[in-house]
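Trainee: So the sequence lines, in the order shown, correspond to chains A and L. With the working numbering applied, the first sequence corresponds to residues 1 to 454, in that order. With the working numbering applied, the second sequence corresponds to residues 1 to 454, in that order.
Because the hints were derived from the structure by calculation, they are not lab data.
Because identical chains cannot be distinguished in the list, a pair is counted as satisfied if it fits within a single copy or across any two copies.
Capping the alpha-carbon separation at 35 Å, the derived lysine-lysine pairs in DSBU-like fashion look like this:
| id | residue 1 | residue 2 |
| --- | --- | --- |
| 1 | Lys336 | Lys351 |
| 2 | Lys351 | Lys267 |
| 3 | Lys233 | Lys252 |
| 4 | Lys351 | Lys273 |
| 5 | Lys351 | Lys252 |
| 6 | Lys388 | Lys267 |
| 7 | Lys262 | Lys351 |
2 protein chains.
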Amino acid sequence: MSAIEYIESHQEEYLEELKEFLRIPSVSTKNEHKPDIEHAAWWIAAKLRGAGMEKVEVVPTRLHPLVYAESAQMSGRPTLLLYGHYDVQPPEPLDLWTSPPFEPTIRDGNLYARGSADDKGQLYLHVKALEALHKAAGQLPLNVKVIIEGEEEIGGGSLWEFLVENRLRLKADALVLSDTSMLARGVPSITYGLRGLNYYQVEVAGPSQDLHSGVFGGAVPNPITILAQAIAKLHDARSRVSVPGFYEAVQKISPSEREAIKRLPWKEQEFRKTVGSPDLCGEEGFSTLERIWCRPTLELNGIWGGYTGDGAKTVIPSKAYAKISTRLVPNQDPEKIARLVEGRIRRSLPKSVSCEFKLLSTGRPWVGDCRHPILQKGSCALEKGFGKKAVFIREGGSIPLVEQIDRMFKIPCVLLGFGLPDENAHAPNEFISLDNYFGGMKSAALFYQDVAVR
Amino acid sequence: MSAIEYIESHQEEYLEELKEFLRIPSVSTKNEHKPDIEHAAWWIAAKLRGAGMEKVEVVPTRLHPLVYAESAQMSGRPTLLLYGHYDVQPPEPLDLWTSPPFEPTIRDGNLYARGSADDKGQLYLHVKALEALHKAAGQLPLNVKVIIEGEEEIGGGSLWEFLVENRLRLKADALVLSDTSMLARGVPSITYGLRGLNYYQVEVAGPSQDLHSGVFGGAVPNPITILAQAIAKLHDARSRVSVPGFYEAVQKISPSEREAIKRLPWKEQEFRKTVGSPDLCGEEGFSTLERIWCRPTLELNGIWGGYTGDGAKTVIPSKAYAKISTRLVPNQDPEKIARLVEGRIRRSLPKSVSCEFKLLSTGRPWVGDCRHPILQKGSCALEKGFGKKAVFIREGGSIPLVEQIDRMFKIPCVLLGFGLPDENAHAPNEFISLDNYFGGMKSAALFYQDVAVR
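Work out the full structure, taking the sequences as your base and the hints as a guide.
Mentor: So, in structure tokens, the structure goes:
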């Protein structure tokens with residue numbers, strides 16, 4: 001029995017197991033989910049043992065545990081480092097979910113649950129591909145090392161510490177991971193570029209306590225108004241980020257890449273439908289894909305201050321807050337960008353308020369070489385697994401590990417994406433297509449087999 | 001025994017009763033407090049019966065009940081209409097209260113609780129002044145009609161409907177109420193001017209659902225950014241409201257009033273201390289008191305959108321919201337101002353978002369004549385009750401009823417204020433000074449006695 005046949009005869013079981021994984025609300029950003037985080041780590045560790053890993057460890061860190069596993073290492077065989085994360089984004093707002101976020105539900109060939117696409121579903125299809133290879137042949141065709149972290153969604157530092165401490169032990173010929181999306185349904189895709197991510201929180205403080213807006217209004221600083229004014233100064237009228245120096249180091253898009261992007265089977269109409277806003281907008285002079293893949297941005301991710309309940313409360317709040325992120329591209333330096341953004345905001349504020357600016361997390365951009373042989377093997381495996389032509393794409397999202405591994409080990413990184421552009425990652429009604437879950441599983445098995453043959 | 005002696009011998013009892021009133025969390029803006037609202041209405045109705053009112057009714061309305069009472073009407077005696085409200089502002093944020101908002105607590109001669117100053121304490125001192133007059137003389141020296149509403153803090157419409165329906169029955173020679181503050185501790189004050197209030201809610205909608213800010217950021221409208229940009233356009237660099245036409249009808253401050261305001265025993269240093277912000281700010285060319293009393297303003301009262309929890313969530317939200325209010329002065333027309341503000345905001349928005357603009361409530365400004373004999377009687381009563389010189393002031397807050405009564409009945413309105421500028425109305429740690437509670441009670445009794453003598 002081949003690995004592919006093994007997968008085909010175990011589909012029902014492999015789907016039920018994923019559902020079990022998705023039922024664990026392993027939300028890394030919230031303290032109350034600490035027991036769920038630990039449960040998820042131990043759950044996936046047990047499954048790695050079942051997939052033929054010889055050594056499996058749940059590694060304590062300063063925050064959430066990390067799972068590390070190794071197959072029996074055979075000399076002369078290539079070694080792949082597999083990465084995934086078992087933590088998920090918060091599910092809020094809950095009322096917008098059609099079925100509850102932690103009760104996996106199938107509708108129209110899609111499996112809906114928080115983490116189904118990002119990243120439990122995409123991680124688990126690799127674990128099952130390895131299990132199928134192991135069960136079908138009695139052993140794996142190559143050496144595998146697996147790192148599964150629990151701090152991806154919060155940009156935590158434990159993974160980096162683990163990489164540094166285990167530098168020698170982690171030696172591999174390539175990194176493989178699935179935490180990205182296909183360009184479109186039915187278009188298997190390898191991602192060769194990711195944006196970096198800086199995440200900030202800003203607090204603007206005016207009056208020392210909330211004030212009655214009638215009794216004080218007109219004569220005191222209003223932190224909401226002042227924060228809004230500072231935010232308004234972060235973009236110009238042409239949707240460019242108006243932080244001086246922000247674009248200074250940005251790598252230009254080469255004419256050939258521009259041409260390749262233009263030729264992709266991508267439909268703006270589909271994108272518009274997914275977004276659903278009355279119109280799109282973005283930096284002038286760039287296409288939508290260029291704006292998302294190759295250009296840096298600054299986005300507001302949250303804002304709050306004053307009264308936010310039903311009806312009216314006539315208050316001038318003491319403080320107002322914003323969460324802001326910048327997505328970065330080569331060759332922007334995250335630390336420098338953080339200083340520039342902070343400076344721009346501080347200079348916008350009048351002396352009637354004080355400001356606290358925090359850099360919550362930081363991560364560099366990454367762009368790989370899609371002509372590398374192992375990326376070409378990845379492309380072939382996708383075409384065989386799905387029976388469809390594969391494409392090379394970039395992505396607007398961030399996976400800090402990829403750039404860290406590239407920088408530390410100088411190895412190629414193969415990003416096989418089985419999500420979809422409308423998968424609602426980080427939003428209500430996240431899903432993974434069952435075709436992609438099983439197609440991805442077969443592609444992964446084929447990829448491991450192909451890489452095993454030097 | 002005089003009414004004053006009666007009050008002095010019942011201080012302990014009158015304080016305990018107020019505490020009982022303050023323990024009822026009659027928050028009018030929240031549906032879950034409906035039973036508390038009704039409890040408060042029935043509680044104060046019972047106290048009015050005990051204060052010698054002949055007829056007492058709890059009047060059902062479309063929202064929260066209204067309490068109406070009348071003393072036995074004696075012909076040939078003047079009639080005063082007393083107004084107050086038993087509803088209170090929401091207590092949030094709860095963690096900033098030193099003692100819980102609905103557990104009245106005395107510290108340093110002040111009684112801390114939500115509603116202590118606004119308006120339960122100030123209302124209840126009138127009820128006790130009437131009781132003292134009634135108990136001391138066996139009857140009231142004049143005719144009294146009392147309206148106590150439960151929708152003041154939400155600008156509800158039930159009071160207005162009651163006034164229109166009971167126009168003839170409510171006939172009186174003057175309105176008296178206490179829902180304002182003294183200029184400063186130890187400076188008894190009559191308020192002869194109030195600002196009007198329009199309260200708005202704005203919803204800016206972009207994407208049809210929350211989106212991943214990596215996968216979509218840079219190419220889609222961000223409702224938070226766009227809302228902030230629209231808010232930033234509502235004021236110019238000199239802190240003037242930059243809504244075209246906003247100042248058009250505004251009555252100028254007369255030189256004599258300007259002079260009178262300048263002479264008041266008011267210390268900017270005290271105001272700065274109360275506010276506690278690094279600096280003050282406001283419309284150029286006007287003093288702090290002029291900004292608050294005589295100039296219209298636009299304030300942000302709330303803003304929210306996206307992720308507002310701990311840590312990071314990389315989301316572009318589907319919607320962002322703001323609560324905005326404008327305080328109005330003579331001769332601004334609230335309906336016209338609402339149209340101007342809505343127009344300004346809509347014109348600021350790009351076509352990539354849609355907008356819902358709601359006018360939640362509206363109320364006109366009011367300025368009375370401080371030379372009227374009954375206001376002079378009020379001033380004398382305050383000087384006797386407190387043993388200190390009284391002043392005439394305006395206020396930045398809004399009491400829609402005053403303008404409504406003025407317009408409907410063409411009678412003078414006497415606003416005896418026993419709050420304090422740092423009382424934290426609408427904010428955590430609201431309090432009433434016990435000196436003001438009892439001094440106000442005595443002043444009110446003296447005022448009723450003096451008005452009784454034509």
